[in-house]
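Peer 1: Please arrange chains B, C and D on chain A, whose structure you already have, making use of the hints.
Number of protein chains: 4
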Amino acid sequence: MDKVSFFSIVKNYKAVFLDSYGVLKNHQGLIEGVVDTIKLIRDEGIELRVLTNDASRSQVQQVQMFEDLGLRGLEEKEIITSGMLARQFLELKIKTGKFAYLGTENSANYIMKNGLTGIPISDVDIENSSDVAAFVFLDDEGFDWHRDINRTINFLRRNNLPIIVANSDKYYPISRDDVAVAIGGISRLCESVLNQKFIRFGKPDSQMFMFAYDDINETGNFGKSDILMVGDTLHTDILGGNKFGLKTLLVLSGNTRAKHAEVKINSTGIIPDYIADSILE
Amino acid sequence: MDKVSFFSIVKNYKAVFLDSYGVLKNHQGLIEGVVDTIKLIRDEGIELRVLTNDASRSQVQQVQMFEDLGLRGLEEKEIITSGMLARQFLELKIKTGKFAYLGTENSANYIMKNGLTGIPISDVDIENSSDVAAFVFLDDEGFDWHRDINRTINFLRRNNLPIIVANSDKYYPISRDDVAVAIGGISRLCESVLNQKFIRFGKPDSQMFMFAYDDINETGNFGKSDILMVGDTLHTDILGGNKFGLKTLLVLSGNTRAKHAEVKINSTGIIPDYIADSILE
Amino acid sequence: MDKVSFFSIVKNYKAVFLDSYGVLKNHQGLIEGVVDTIKLIRDEGIELRVLTNDASRSQVQQVQMFEDLGLRGLEEKEIITSGMLARQFLELKIKTGKFAYLGTENSANYIMKNGLTGIPISDVDIENSSDVAAFVFLDDEGFDWHRDINRTINFLRRNNLPIIVANSDKYYPISRDDVAVAIGGISRLCESVLNQKFIRFGKPDSQMFMFAYDDINETGNFGKSDILMVGDTLHTDILGGNKFGLKTLLVLSGNTRAKHAEVKINSTGIIPDYIADSILE
Amino acid sequence: MDKVSFFSIVKNYKAVFLDSYGVLKNHQGLIEGVVDTIKLIRDEGIELRVLTNDASRSQVQQVQMFEDLGLRGLEEKEIITSGMLARQFLELKIKTGKFAYLGTENSANYIMKNGLTGIPISDVDIENSSDVAAFVFLDDEGFDWHRDINRTINFLRRNNLPIIVANSDKYYPISRDDVAVAIGGISRLCESVLNQKFIRFGKPDSQMFMFAYDDINETGNFGKSDILMVGDTLHTDILGGNKFGLKTLLVLSGNTRAKHAEVKINSTGIIPDYIADSILE
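Residue numbers (my numbering), protein chains in the order written: chain A, 1 to 281; chain B, 1001 to 1281; chain C, 2001 to 2281; chain D, 3001 to 3281.
FYI, nobody ran anything at the bench for these hints, they're computed from the structure. It should be emphasised that the depicted structure is a prediction, and the values quoted were computed from it without experimental measurement. Please note: incorrect hints may appear among the correct ones.
What the hints assert, rightly or not - One-sided and incomplete, this derived list gives chain C residues near chain B with beta-carbon spacing under 7 Å:
#: 1; residue: 2180
#: 2; residue: 2192
#: 3; residue: 2193
Claimed, not checked - Here chain C is said to cover these stretches of chain D; the calculated rule only asks that three of the stretch's residues, wherever they fall, bring their Cβ under 8 Å from a Cβ of chain C:
#: 4; region: 3001-3014
#: 5; region: 3129-3137
#: 6; region: 3160-3167
#: 7; region: 3186-3199
#: 8; region: 3232-3243
#: 9; region: 3263-3269
Note that CB positions come from ideal geometry on N, CA and C, so glycine has one too.
Extracted from the complex, chain A is given alone in its bound form (with noise of 0.2 Å):
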């Protein structure tokens, strides 16, 4: 498959989703030139939303940490992550009580409104908890993993409740050569081990598009023929954008390098419509 140019392409569409890692940013911090890349696509009125698959941090949150990066001016409405569609379920199926979590305090309180309590897994009396309506894989970190993944799996064998894994990704990478094993992962072990299958959230899922699609569509008008979505994994971004009947193009600029990307194309069957070195020409 031959190579394009982003700029060439994104022009033709009204909408533009875009991953986060591997497309913006990267271990090293804000990928060179991206800002320049946000300005033309704001310059040329195209809206544009970013996906991600994070349920550490809040619209809030993620904004800062784009601004401390150095990438000014996105707005809150303009991040979609899986952490919201977690707290969407909640606010939609369980409205009030408690929610036992795996994850970071932090993470607990951006899906923790409107009547819900979140209680961590440690402070869970695993004998008494009748009052517990549902359990939210959160974040990787913020408890002992020994301690707290058994416990949790003493827990969940107790209680017949809904669970929800607010991320789905097996692991994210955390410098050029190295990752680290994510929350989705840890609830695979879970899953094995009690032998149920969990409520996954994120990409490659359609709801995460459709989050987004619904939300340009409330103050404008967008068919799925003009949106491009824009990502560095063909079994996430790629697959997931395909499914929901995005058009999609897949950057060289992270996960997936110049040198494997036939090779991986080919064996996994999920191809993207267009390819691009990054989105930064």
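Peer 2: Okay, now just chains B, C and D, sitting in the frame of chain A:
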């Protein structure tokens, strides 16, 4: 979980989504009394959609089938099939050209619109098929399993193109005791040999619910909390409805029998908001 | 990993286990030169066994097949098939009565000894089959896939009995480019519908290697470090040989082609002790 | 399936293989009466082996543990652990050099013989570790889960070497109601992130049974039909015993409780030859 009366629950909702098999009909035909229930739903002014993992019949043919069974007055727009999602995918992502398929000619005709031509895998020249732009798993009938499943695998080994599954169910009931392998099951066999994951449409995927949700909001104004999803199968109807944020009601008139319901709910962790014997009272 | 000469390596071992397809023969027939290699092995006094995931032919028929291809002098006892393990299982666990099967009559005859009678699934009276004591997946030929796969599933839904798979391979090569679904692939489709795991025989399972190991130790005195396993497929021959504790040699004359070998070894983590182009030099 | 008396069955066999947890002991200690049963087995002249998926203790330490619980007279050679298979693998395939591991120092000491040196993953210099020849998942204790599981994954991403799992169990019981994730569960999390399959040792794999079988045949003359396998877990003890061709007896004194036994047997298709309450009568 205590059982409820469907009638008493449905009155609290502005719309109801019904699974077809196990809710409206079973292997013997229409479930007796369903005609009165549909009348009640209409009399209450509740919006109705039937959501079915079935790509073998068009909406028109589904309406006709229900009429032949004795349920008159369903409208074309009230039927939502997984085949419609496959068709939408082709319209958005492929647009023109040929798609190869496993299934009946009838099932292919339904998605063969707007410049797209279907060609059964038995008619594809495997050595010279660069004009084929997509492959669709449509139906478990209409082909020679031994010859054409192998043919499909060898075609897909040679060609890298979007592969979609128009009905993700592994199997479907054909009598009180018996089932038949569905095209979703055949697609999994091919995935296993090819070591790929195809794009699947149908419950429990959010897209099916989104399609219905967007559809009723074309003319009305429905929030997710206004809608009740009713089905007989935990891992399609109830899981999908829960994940989309709808209230869910499990009926015991189909796949999930009364004596197994509690064990299944406990072992899968898929928890309906309500359980009722059927939609008949 | 540097390539070695098979001749130079094999001389260090007292016994050699050879895979059949991709090592001795390919889709065109016997690999040219193999007759000389077998002669060399015999001249060196190295014990030889052929280990093949194949339940369609008896040992006698395998010897005949090699003779027809031009390789004379293999002895019956030198052939070890996964079908022999299925037969041994029935002898030990079932002993007498009927077993139902998917496969050819020939494949059934081979395991139909000592008081056991085979009955093709097409002849089983599904409603009245209490005399059937086991089910065997034998071969991908000899039955109507559509009718008999569905029939098998409905039979197994009604009856709780030992189910064995006489060849665990998902598919097998039939020409340079083409494959065919093997009975191991069909068994997985049935497992997926029934949500069960059957008992599978064949490489990479240790039992196949144990059978060969015990066999050569009937008359000789071989430790595991005296044996070299040679095969063309990482996840059957090499994984199985490694796990059993044998030294392993991957040949590039079959399934694993030279240009993909390194990538496959890295991505699977299945590491042969040696790599050679073939067993021809 | 009718229940039998263990005493009446075992007398028909020349050897008996016993699982440890759920058969001989439980979370409270030795199962009361087991001492008499072992005496009966010895008085009858029946050969005995204990087969346990445990790599945390050596044979000597296992014997000592049983003595501390009140069961005297087990001999070292009568204990067969999955750790012994891991050790055998290293002896046959690696021979000399370093292996990195997750587990306690005690578990590493046991397999650290004959020129092999173990190094905990926390002490490995990830950037410079070419002297490490294998990786072993040994035990769920002895390391910091958060730091060292991530460290293991990043080490294995950089190095292509044999990876073995010395205990394939996902979890183990620690009290009447509670379980703990075993090293087999942690290894699966790593497999899922790395997209690889490691080499696993332990029941239900045939190798564990083969080890015991070969061992009793060093001094005796046992066929497979002379041996009874006794265990409390269908998918390890019974599946493994069945597949190896032994007669199997399920006891209801551990993992599989009386009220669930029939449902579990039906839903898994793993069928013991006999069921007994315990080995106490």
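Peer 1: Hint by hint, say whether it matches the structure.
Peer 2: Do the hints match the structure? See the list:
no.: 1; hint: 2180; verdict: 5 Å, holds
no.: 2; hint: 2192; verdict: 6 Å, holds
no.: 3; hint: 2193; verdict: 5 Å, holds
no.: 4; hint: 3001-3014; verdict: violated (count 0)
no.: 5; hint: 3129-3137; verdict: violated (count 0)
no.: 6; hint: 3160-3167; verdict: holds (count 4)
no.: 7; hint: 3186-3199; verdict: holds (count 6)
no.: 8; hint: 3232-3243; verdict: holds (count 4)
no.: 9; hint: 3263-3269; verdict: holds (count 5)
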